[in-house]
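4 protein chains.
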Amino acid sequence: MHRIPVGVLGASGYAGRELCALIARHPRFELSFATANERRGERARLGGAAVRFIAHDDAPLSSAEMIFAALPHGASAVWVERVLGAGARAVDLSSDLRPGNGNGTAPYGLTEFARPKLRDATVVANPGCYPTAILMAVLPLAKRGLIAPGATINASAASGVTGAGLTPRTDLLFGEVTEDFRAYAIANSHRHLAEMRTVLADSGADADLIFTPHLLPVARGILATITVPITETLADPLAPYREEFDGEPFVEVDAEAPSLRDVVRRNVVRISARHVAGVRQPTLLVLSAIDNLVKGAAGQAIQNANVVLGLDEPMGLPA
Amino acid sequence: MHRIPVGVLGASGYAGRELCALIARHPRFELSFATANERRGERARLGGAAVRFIAHDDAPLSSAEMIFAALPHGASAVWVERVLGAGARAVDLSSDLRPGNGNGTAPYGLTEFARPKLRDATVVANPGCYPTAILMAVLPLAKRGLIAPGATINASAASGVTGAGLTPRTDLLFGEVTEDFRAYAIANSHRHLAEMRTVLADSGADADLIFTPHLLPVARGILATITVPITETLADPLAPYREEFDGEPFVEVDAEAPSLRDVVRRNVVRISARHVAGVRQPTLLVLSAIDNLVKGAAGQAIQNANVVLGLDEPMGLPA
Amino acid sequence: MHRIPVGVLGASGYAGRELCALIARHPRFELSFATANERRGERARLGGAAVRFIAHDDAPLSSAEMIFAALPHGASAVWVERVLGAGARAVDLSSDLRPGNGNGTAPYGLTEFARPKLRDATVVANPGCYPTAILMAVLPLAKRGLIAPGATINASAASGVTGAGLTPRTDLLFGEVTEDFRAYAIANSHRHLAEMRTVLADSGADADLIFTPHLLPVARGILATITVPITETLADPLAPYREEFDGEPFVEVDAEAPSLRDVVRRNVVRISARHVAGVRQPTLLVLSAIDNLVKGAAGQAIQNANVVLGLDEPMGLPA
Amino acid sequence: MHRIPVGVLGASGYAGRELCALIARHPRFELSFATANERRGERARLGGAAVRFIAHDDAPLSSAEMIFAALPHGASAVWVERVLGAGARAVDLSSDLRPGNGNGTAPYGLTEFARPKLRDATVVANPGCYPTAILMAVLPLAKRGLIAPGATINASAASGVTGAGLTPRTDLLFGEVTEDFRAYAIANSHRHLAEMRTVLADSGADADLIFTPHLLPVARGILATITVPITETLADPLAPYREEFDGEPFVEVDAEAPSLRDVVRRNVVRISARHVAGVRQPTLLVLSAIDNLVKGAAGQAIQNANVVLGLDEPMGLPA
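Chains as they are written, first to last, in the working numbering: chain A, 1 to 319; chain B, 1 to 319; chain C, 1 to 319; chain D, 1 to 319.
Each hint should be verified, as a subset may be incorrect.
Claimed, not checked - Listed below are several chain B residues computed to face chain D (Cβ distance under 10 angstroms; list not exhaustive):
| hint | residue |
| --- | --- |
| 1 | R52 |
| 2 | E179 |
| 3 | A185 |
| 4 | S189 |
| 5 | D262 |
| 6 | R265 |
| 7 | R266 |
What the hints assert, rightly or not - Ranges between beta-carbon positions, derived for each pair:
| hint | chain 1 | residue 1 | chain 2 | residue 2 | range |
| --- | --- | --- | --- | --- | --- |
| 8 | A | A277 | B | R169 | 55 to 65 angstroms |
| 9 | D | T170 | A | A194 | 42 to 52 angstroms |
| 10 | D | R39 | B | A44 | 50 to 60 angstroms |
| 11 | A | P149 | C | R45 | 36 to 46 angstroms |
| 12 | B | R169 | C | E256 | 33 to 43 angstroms |
| 13 | C | K143 | D | R39 | 50 to 60 angstroms |
| 14 | B | G74 | D | A235 | 49 to 59 angstroms |
| 15 | C | E256 | D | D312 | 45 to 55 angstroms |
| 16 | A | K117 | D | G74 | 51 to 61 angstroms |
| 17 | D | T170 | C | R242 | 27 to 37 angstroms |
Keep in mind the hints are simulated off the structure, nothing from the lab.
In this text, a Cβ means the ideal position worked out from N, Cα and C, and glycines have one as well.
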């Protein structure tokens with residue numbers, strides 16, 4: 001069967017590596033090129049696939065039908081323009097085109113909520129890892145008008161270190177991270193906040209959001225612990241999720257609290273919810289777990305590309 | 001100089017081990033006995049001290065002036081009675097005598113807030129590890145009337161696995177915990193909640209509390225990430241803490257967010273606070289870190305014993 | 001296409017879990033039953049497969065064509081007898097039937113060296129994890145007469161904690177293993193030694209073996225660091241391996257030293273070799289890495305079953 | 001009591017940090033200066049001490065009586081010259097002046113074997129971390145003529161990542177090291193080998209040495225697993241060690257195999273030894289554990305400085 005040529009811009013970081021590995025296992029994709037300026041000329045083995053990095057400028061953009069851009073934030077938008085100019089389509093994993101950041105013309109690829117806009121799109125803004133974990137947990141409540149008006153949603157989330165990328169930094173050395181845990185970008189200073197707030201506002205919810213990310217001594221995974229003040233106690237706190245995600249191949253709704261090891265190396269969001277006991281304001285505790293590199297980045301990008309290209313959505317993805 | 005004979009009931013668990021190690025380094029304490037029913041007769045080296053475990057029933061209670069009880073919750077209260085009957089004093093590390101659990105007659109040993117009641121006390125209820133981290137962060141606001149009436153305080157906290165004790169459990173094996181992270185006792189079902197709520201109510205605050213503990217893949221340390229709706233934006237969010245803890249040897253107030261490695265193996269609480277940006281309700285984000293076995297258990301127990309016995313409060317403690 | 005019914009005796013340990021997960025992904029196997037005495041009646045999700053444990057005694061042995069026994073050492077041989085009596089075949093993952101332990105009638109399933117004896121065998125003794133890593137590195141030299149007569153082969157190996165099983169033990173708790181490293185079963189006291197020595201002697205090598213296992217703070221993987229005194233310096237130290245393993249789907253011979261992360265979750269042995277510089281006795285340093293639960297246990301068991309049943313050898317295995 | 005002014009050249013790396021922390025706790029030392037070119041002007045808190053880094057060139061060398069040089073290998077020798085020219089003494093933690101590297105005029109500070117040469121020395125070559133662990137285990141045998149002539153000593157050792165320093169390197173990021181284990185500098189290519197061989201040869205042993213270092217996913221600690229062919233089976237394999245190290249405050253000889261957690265944060269070497277069973281050549285398995293940053297670097301440097309300055313040798317050191 002015909003294989004669809006795809007390219008990866010920025011293939012040497014964690015998301016780029018994961019993309020190449022997923023592409024190698026995808027039954028309909030074929031890797032045309034993988035770029036990495038600092039490692040141009042090097043060969044690497046990514047998830048079983050042998051890859052030779054070329055410079056970004058040497059990428060034969062028009063040879064590919066779909067190009068995944070896993071470039072640093074700020075450096076990506078210009079490359080998406082070039083991709084479109086070359087007649088290819090793009091899934092952009094940076095924040096450049098996301099709600100609250102870009103001009104809002106690219107559909108936002110939180111796949112389960114975005115399918116109609118994704119079909120035949122030429123470019124998709126792939127969501128950030130934290131926004132994926134948090135919005136999948138909050139949007140079903142927002143869509144149903146269950147969030148108490150004027151409420152403050154509180155999302156405390158923790159991510160494995162691959163979320164910070166492969167760039168060498170002293171504070172991310174093993175000797176500095178092992179046996180440690182810390183919050184960062186505190187008091188609502190994280191780059192992902194504008195993305196989440198914009199999507200939340202667009203959903204019609206009248207709610208503020210507090211977001212506190214933490215750095216975990218693990219390689220992969222995000223767990224978001226979210227409290228949502230709600231309008232009324234629900235008969236079944238899982239009902240909004242079971243209803244919203246019925247039949248979804250990449251969402252698992254479960255009464256048991258999710259753990260990172262339930263989701264690592266899989267393209268899934270795992271969600272649980274309970275009423276908080278002993279507080280006056282009816283409140284839902286929602287827990288949401290993803291692999292930051294799969295459903296939080298490369299996996300969702302492939303999922304989006306599958307939709308854009310009219311392929312089976314779960315094709316080539318580990319569920 | 002005369003050494004004060006002290007004993008440890010339940011010396012083979014993590015808190016008991018830490019107590020023996022701290023006692024060995026204490027310039028005025030001398031270990032009279034250390035009990036551990038299941039390991040009776042065994043010898044161990046705890047923090048440089050050679051210890052021989054005896055059965056609880058063989059403990060010469062009256063030979064000690066001060067006895068630390070690090071027995072399982074539920075099993076401790078009866079031993080405290082025996083200790084008092086033998087004419088010794090007790091610091092009880094279990095939850096048996098704590099606010100919301102016991103009958104409230106034993107002073108609650110959150111040392112920095114408890115000194116007047118501790119002096120010459122015969123028994124002290126040593127606080128839980130999570131309550132220590134969280135109450136040290138919340139009480140300074142409560143005492144100053146800064147917590148918004150009717151507010152919901154949200155405490156998301158993560159603890160190293162020594163918090164779960166040394167009992168063999170499949171789910172605490174290294175192979176199950178490494179690279180994982182999960183919430184537990186969710187939706188306000190943790191045993192420590194009654195303790196925190198009672199103390200909070202006694203402080204005069206009209207506030208609810210949501211508490212979500214998590215299990216971290218580290219050995220030691222608790223980080224609490226707390227949001228507190230406040231009555232008004234403060235000129236300096238650290239001011240209540242600097243004021244409350246001025247001159248305290250075991251509290252560090254700092255503009256920089258604390259991390260576990262700032263506090264492990266030390267008898268300190270490290271606290272930071274900031275206003276949350278971009279939310280309508282003025283809210284403080286307070287971060288608080290302790291070593292769960294030191295300031296959250298054995299260290300604070302020694303600190304309390306020092307006060308009870310009229311010794312210098314910091315004696316023998318790692319700051 | 002017809003699916004072959006297979007069963008797992010002892011499905012709740014690490015090897016049993018891995019077997020169930022691999023069986024669920026195997027295109028020709030179908031799980032008939034999975035036993036676990038202590039968890040009988042419980043349901044579990046193993047690698048995407050939903051499994052309900054039954055008691056060993058309730059296993060419908062005759063309903064399966066192939067049964068994998070992942071029972072404790074000493075408890076397995078009697079079950080293998082029952083399996084054979086019920087007309088099924090068995091791959092035994094315990095040490096009961098292995099060289100140096102059993103009566104030597106079951107072929108030893110170090111697959112790459114055992115194929116002729118495996119075809120149509122009724123029972124296979126699946127190799128231990130350490131022996132797999134070490135013998136794959138040593139046998140190619142032994143078969144070629146390259147080991148210096150009377151030599152002492154020195155194998156220092158380190159294993160992730162899943163090698164010690166899922167039984168709760170205080171010394172395997174996360175809090176005890178993290179940030180630690182230690183040797184165990186030292187001075188040639190490990191159970192696997194008889195297995196390795198017997199196979200080595202059968203290969204014709206006149207050599208002694210020193211084996212020192214270590215416990216690593218990782219979940220999975222074994223790295224063996226082996227020095228072999230050899231008869232002469234080789235033109236290419238990798239040549240014996242390239243020759244022996246040419247075309248093998250599950251052996252990777254590489255000039256670069258292997259690391260655990262090259263092999264985890266894969267059914268491969270990765271081997272590298274170099275001449276040791278600056279010593280009088282020509283000596284080869286051979287490094288060998290496997291995933292102890294895959295190529296060192298469940299993966300190799302499936303590989304052996306594939307050969308026994310006349311299926312494609314790599315079927316269903318992650319390479 | 002008079003405090004002795006000491007300085008640290010290269011204070012921002014792991015060894016330099018540890019030096020500053022130990023100096024802060026030393027009852028007779030007082031930190032005159034701490035240099036760190038890239039962080040000049042910054043303030044840091046090292047082990048409770050507040051330190052302000054200055055440039056190397058700004059160091060008031062003559063203000064200190066003793067200067068610790070923790071500079072990169074190759075950059076240190078010139079600074080030692082300047083220190084001596086300024087009338088101060090030096091303990092050099094780099095390899096520049098060590099046996100097999102320098103001109104051999106500086107005494108080699110393996111303290112327990114070097115005291116006569118250390119007293120009143122002006123400069124000391126502080127041993128490497130691996131050489132400390134290995135030579136402490138081998139020299140007692142060499143001195144007693146117990147090593148079989150022509151033997152090959154085999155040292156397989158594993159180190160925590162702080163041994164690789166604080167320089168940002170992609171391969172030392174947490175995400176790359178966690179759950180991994182690998183050998184490096186294999187086949188006798190490690191820089192420390194010349195140091196060990198020279199000292200071994202000087203001891204009179206006629207033996208070759210194979211040294212294979214490994215990178216452990218832990219922050220601190222070295223475990224060396226050493227096999228030594230010996231002339232005859234000993235009545236007590238620990239006897240040479242008990243004899244050699246009788247009364248030593250920083251050497252622990254024990255029948256039980258040492259583990260990293262026995263030694264981390266302590267200035268000790270812990271040694272165990274056993275006869276290897278089932279091999280023709282009488283062979284001793286010796287296990288040796290240290291904290292690479294304490295007894296393997298900063299701690300031993302302080303120990304040496306204490307001897308040079310005529311202070312009590314254990315002063316200020318954690319045993």
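Against the structure, the hints:
A least Cβ separation of about 17 angstroms between R52 (chain B) and chain D goes past the 10 angstroms threshold, and the interface hint is therefore violated. Taking 10 angstroms as the C-beta cut-off, the interface hint given for E179 (chain B) holds, the closest approach to chain D being about 6 angstroms. The closest approach between the C-beta of A185 (chain B) and any C-beta of chain D is roughly 27 angstroms, which is over the 10 angstroms cut-off, so the hint fails. Interface restraint check: S189 (chain B) against chain D, minimum CB-CB distance 31 angstroms, threshold 10 angstroms, status violated.
At about 9 angstroms, the closest approach between the beta carbon of D262 (chain B) and any beta carbon in chain D falls short of 10 angstroms, and the interface hint on this residue holds. For R265 (chain B), the suggested interface contact is upheld, since its CB lies about 8 angstroms from the closest CB of chain D, less than 10 angstroms. The beta carbon of R266 (chain B) is positioned within 10 angstroms of a beta carbon in chain D (closest approach about 9 angstroms), and the interface hint is therefore held. For the hinted restraint 55 to 65 angstroms between A277 (chain A) and R169 (chain B), the CB-CB distance of approximately 25 angstroms leaves it violated.
Distance hint for T170 (chain D) and A194 (chain A): a CB-CB separation of about 30 angstroms, inconsistent with the stated range 42 to 52 angstroms. Against the hinted window of 50 to 60 angstroms, the Cβ-Cβ separation of R39 (chain D) and A44 (chain B) comes to about 42 angstroms, which falls outside the hint. Range check, P149 (chain A) to R45 (chain C): about 39 angstroms between beta-carbon atoms, so the 36 to 46 angstroms window is met. Take R169 (chain B) and E256 (chain C): their Cβ atoms lie about 40 angstroms apart, and the range 33 to 43 angstroms holds.
Evaluation of the 50 to 60 angstroms hint for K143 (chain C) and R39 (chain D) yields a pass: the beta carbon distance comes to about 57 angstroms. With their beta carbons about 53 angstroms apart, G74 (chain B) and A235 (chain D) fall inside the hinted range of 49 to 59 angstroms. Restraint check, E256 (chain C) to D312 (chain D): a C-beta distance of roughly 49 angstroms satisfies the suggested window 45 to 55 angstroms. The hinted range of 51 to 61 angstroms is satisfied by K117 (chain A) and G74 (chain D), whose Cβ atoms lie roughly 59 angstroms apart.
For T170 (chain D) and R242 (chain C), the Cβ-Cβ distance of about 30 angstroms falls inside the hinted range of 27 to 37 angstroms, so the restraint holds.
The earlier numbered hints that this structure contradicts are 1, 3, 4, 8, 9, 10.
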